[in-house]
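Protein chains in written order, with my numbering: chain A, 1 to 501; chain B, 1 to 362.
Because the hints were derived from the structure by calculation, they are not lab data. Please note that the accuracy of each hint is not assured.
[As the list claims (entries may be wrong)] Keeping only pairs whose Cα atoms sit at most 20 Å apart, straight-line, the calculated SDA-like set for lysine to any residue is:
#1 B/182 x A/362
#2 A/62 x A/17
#3 B/182 x A/29
[What the hints assert, rightly or not] Just so you have them, the derived chain A footprint on chain B, three or more residues with Cβ under 8 Å:
#4 31 to 39
#5 47 to 55
#6 337 to 343
Each residue gets a CB set at the ideal place from its N, CA and C atoms; glycine is no exception.
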Amino acid sequence: MFSSIRSATLLGIQGTPISVEVHIGSGLPGFTVVGLPDEACREARDRVRAALLSSGAEWPNKKITVNLAPSSQRKGGVGLDLALAMGILSASGQIPSNNLAEYSFVAELGLDGSLRPVPGAAPLVAGLRESRVVVAPPNAREAKVASPQSIHCAATLRDVVLALRGEGEWVDTASQENVKGGTHFPDMSDVRGQPTARLAAEIAAAGGHHILFVGSPGAGKTMIAERLPGLLPPLTNEEAVTATMIHSAAGASLPPGGLITFPPFRAPHHSASMIAMVGGGSGVLRPGEASLAHGGVLFLDEVGEFMPSVLDALRQPLEEGEVRIARASAGVTLPARFLLVGATNPCPCGGGAPGACVCNETARARYLRRLSGPFLDRFDLRVAVAMTGVEELLDVHEGEPSAVVRQRVARVREISLHRSGGVNARLSAQELDTYAPLTNAARDVLRRELELGRLTGRGYHRIRRVARTLADLSGNDGEIAEETVRVALLLRTRLHEREVA
Amino acid sequence: MGQHLGLPMWAFAAALSQLEGMTPKKLRIALLHEEPEDAWARAVCDSTTSDEVVARIFECCEHENIQVVSIADPLYPRALRYDPTPPAVLFYRGSLSALQQRRVGIVGTRSPTPSGVYTAREFGEQLAAHEIAVVSGLARGIDGAVHHGMKLHYDDVAHAGHGALGKPIGVVACGLDVVYPKSNAGLWEWVGENGLLLSEYGPGVQPEPYRFPQRNRIIAALSEVVVVVESRESGGSMLTVAEAIRRNIEVFAVPGSPRVASAGGTNLLIQQGCGPVTSVDDLFAALALDHRRESGSSYETRVSPDAHDHDVLLACTDGAVTLDHLVLLLNRPLHDIAVSLGRLEALGWVVDTNGWWEALMR
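Sequences and hints are given; from them, build the entire structure.
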């Protein structure tokens with residue numbers, strides 16, 4: 001009257017194996033779930049009972065005790081439903097238990113006995129790698145990313161039972177496999193004029209430099225930012241699997257093929273909470289926008305409108321490429337290496353040319369203060385975007401298409417990977433001395449900026465990194481020339497007006 | 001009543017000015033007709049206000065190094081005495097003798113263009129050098145810039161032990177112990193030490209918005225001519241202009257590009273008949289100091305840019321432009337323009353504000 005069924009729960013993007021132990025004994029009829037289940041888990045008993053009855057199985061009128069082992073760890077979510085049902089069927093002798101040990105079950109049950117998908121199927125399956133996993137059909141694609149060989153699908157609880165008895169077939173999922181996901185990023189050729197912002201976007205993509213667009217409403221900040229992921233090369237296999245795991249764990253939509261092969265683009269609204277941005281929440285510690293953008297672009301439109309604490313929380317992922325979330329009950333590390341793209345108006349009214357701003361002093365000061373300090377310093381590129389002229393806007397000639405730019409970006413990424421093992425934005429100060437030496441003229445330019453107090457020590461290194469990428473783009477492998485440093489300086493606009501007196 | 005306090009007369013005048021329900025007009029009449037002490041006694045005889053208020057304000061002024069002069073006082077500035085709406089009590093730091101110099105009022109917008117700031121600063125420097133006092137409001141933008149320019153000149157000649165210099169006169173719209181705006185705190189102090197810092201309001205009075213137009217009338221009244229460096233079509237500077245016109249004080253304006261919003265007011269003034277000012281020489285003429293208006297600057301201290309850079313400079317002369325504009329206008333590669341801009345900036349020909357480039361011609 002006892003059975004033990006394998007399933008898994010999710011913490012961050014890690015699936016943890018769980019044993020669902022079911023004991024059916026004599027006593028007053030009842031159903032208890034122990035082992036630190038959360039509310040969704042505890043409600044499973046009502047769903048399971050209804051599903052069993054709808055599927056024509058029998059509900060044992062005895063004392064049913066379910067333990068979720070290991071018992072000291074909190075379990076959340078609805079993915080344990082199917083395992084629970086299988087445990088009861090097995091413990092009550094309604095299905096043979098001889099081959100059950102080979103299987104794991106990850107699905108939610110409907111009251112009619114149908115199998116429903118659960119968020120995080122990919123990492124859950126990854127945590128159950130050595131067994132055959134039964135999932136709901138909509139979860140098949142992402143589950144196969146984690147473990148292509150051992151996925152079984154069935155539409156209903158009844159089908160699962162029949163298949164296990166050898167009386168039915170699993171749903172054929174092979175047909176879904178060869179769907180290729182395409183990219184649907186808008187193309188750079190739509191952008192008219194804007195040579196500076198174009199160049200900056202190309203540099204950002206090639207060197208992994210975080211970029212901030214500053215300009216009036218309608219100048220084209222968002223337009224260029226949306227086209228930036230289209231300039232990045234496709235993800236490597238490893239990156240693709242990680243990105244898919246993160247998206248699956250967060251319950252975000254996946255491309256038709258299941259595997260995310262193109263750099264993700266995330267553009268959270270500025271009302272985003274800290275948890276939504278970096279991840280967390282009770283129980284499962286869901287990945288946030290920073291992790292969902294892993295390997296791709298995190299675009300913060302109206303970056304000044306975000307809560308300052310949310311922006312500051314991004315500093316750790318910006319430095320380290322991961323978010324470490326610690327809670328009283330558990331802690332997880334989520335990958336979060338993204339290209340940060342910000343867009344902001346220079347002031348609440350939108351500004352424009354000097355003297356055009358009509359904001360009052362306090363409003364403008366407050367607006368800029370939100371962006372000030374260490375966060376602003378994380379942007380290697382700060383580009384002023386001005387309204388395109390009428391001539392350029394009406395011009396029928398298309399700009400350079402993304403595909404052409406992407407080739408140059410890919411070449412520079414290859415060079416830098418070969419040279420220093422990463423993108424240029426992550427060159428350390430020592431590496432800069434080795435890989436990005438300055439000509440005397442270039443050094444003089446930077447010395448003057450430092451002496452005038454317009455460049456901080458950190459800014460000095462950032463300029464050199466950008467200059468390295470610029471030189472790589474123009475095919476120059478040696479010393480950084482004066483003109484390259486000049487351009488890098490121009491692409492790092494000072495945002496705060498120096499107060500008069 | 002009160003004699004036993006042994007406090008100076010000015011303390012009573014100061015206390016009167018801060019009395020609740022005391023309008024400027026009542027105050028003026030009271031102080032013109034009676035000794036401040038008697039006026040105080042009359043004013044508080046049927047209220048619960050105690051004489052301690054006088055002692056408190058006395059201590060406060062002593063502590064904050066604020067001096068007080070009332071309209072009945074012989075020291076009271078002549079320029080204000082015959083004003084239609086004179087402030088009855090003035091609080092000041094520094095010396096009233098600054099008002100004995102020739103005086104130019106220079107005002108303007110709080111959000112100027114870089115070229116406006118440079119113009120104001122240059123005026124300040126040159127007027128200081130020519131022993132002409134500058135009256136302004138110590139606000140952000142043009143007001144601060146003009147006094148900042150004077151300070152630059154003072155610093156320049158500090159070691160040379162130069163003789164007489166034009167004095168800064170700052171008229172503010174709050175108590176002298178309430179520094180506003182905070183960003184001008186250093187300048188505020190400097191004006192108090194080297195010239196005259198003036199307010200109609202006693203210690204602790206906050207800079208409420210309605211006080212600024214009141215303050216502007218004093219700026220106008222203290223100036224022999226008023227110059228607006230940059231202003232929008234409506235704004236505090238235009239109120240100062242209205243006050244000046246009411247007092248038959250001549251108003252001048254610095255012309256600006258019609259494309260620049262913050263020059264809209266100054267251009268409008270010129271259209272309405274105000275004299276245009278393009279250099280301090282125009283101001284000397286206005287003050288009847290020098291009739292020989294030198295045409296432009298006879299020498300240029302900056303190193304001339306080479307022909308290559310000159311094209312870029314020319315492209316920046318017609319209002320502020322961005323890098324994009326320059327690339328499209330000149331049809332040159334971005335890095336080429338970057339180098340030119342860098343050189344021009346180092347030589348002082350162009351300035352950059354948030355990515356907008358503007359030429360600084362003479």
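Practice problem: Test coverage of the region 47 to 55 of chain B by chain A using CB-CB distances below 8 Å; three residues minimum. | Solution: It is violated: at least three residues are needed, and the region 47 to 55 of chain B offers just 0 whose Cβ sits closer than 8 Å to chain A.
### Query
Under the criterion that the straight-line Cα-Cα distance not exceed 20 Å, is the pair residue 62 of chain A, residue 17 of chain A satisfied?
Outside the cut-off at roughly 28 Å; violated.
*Restraint status (C-alpha distance of residue 182 of chain B to residue 29 of chain A at most 20 Å)*: Violated: residue 182 of chain B and residue 29 of chain A sit about 76 Å apart, past 20 Å.
Mind checking, does the region 337 to 343 of chain B have 3 or more residues with a CB under 8 Å from chain A? holds (count 4)
**Message:** Checking one constraint from the list: CA of residue 182 of chain B to CA of residue 362 of chain A, max 20 Å. Satisfied?
**Reply:** holds, 12 Å
**Study point:** 8 Å C-beta test of the region 31 to 39 of chain B against chain A, three or more residues
**Key:** violated (count 0)
Of the numbered hints listed earlier, those contradicted by the structure are 2, 3, 4 and 5.
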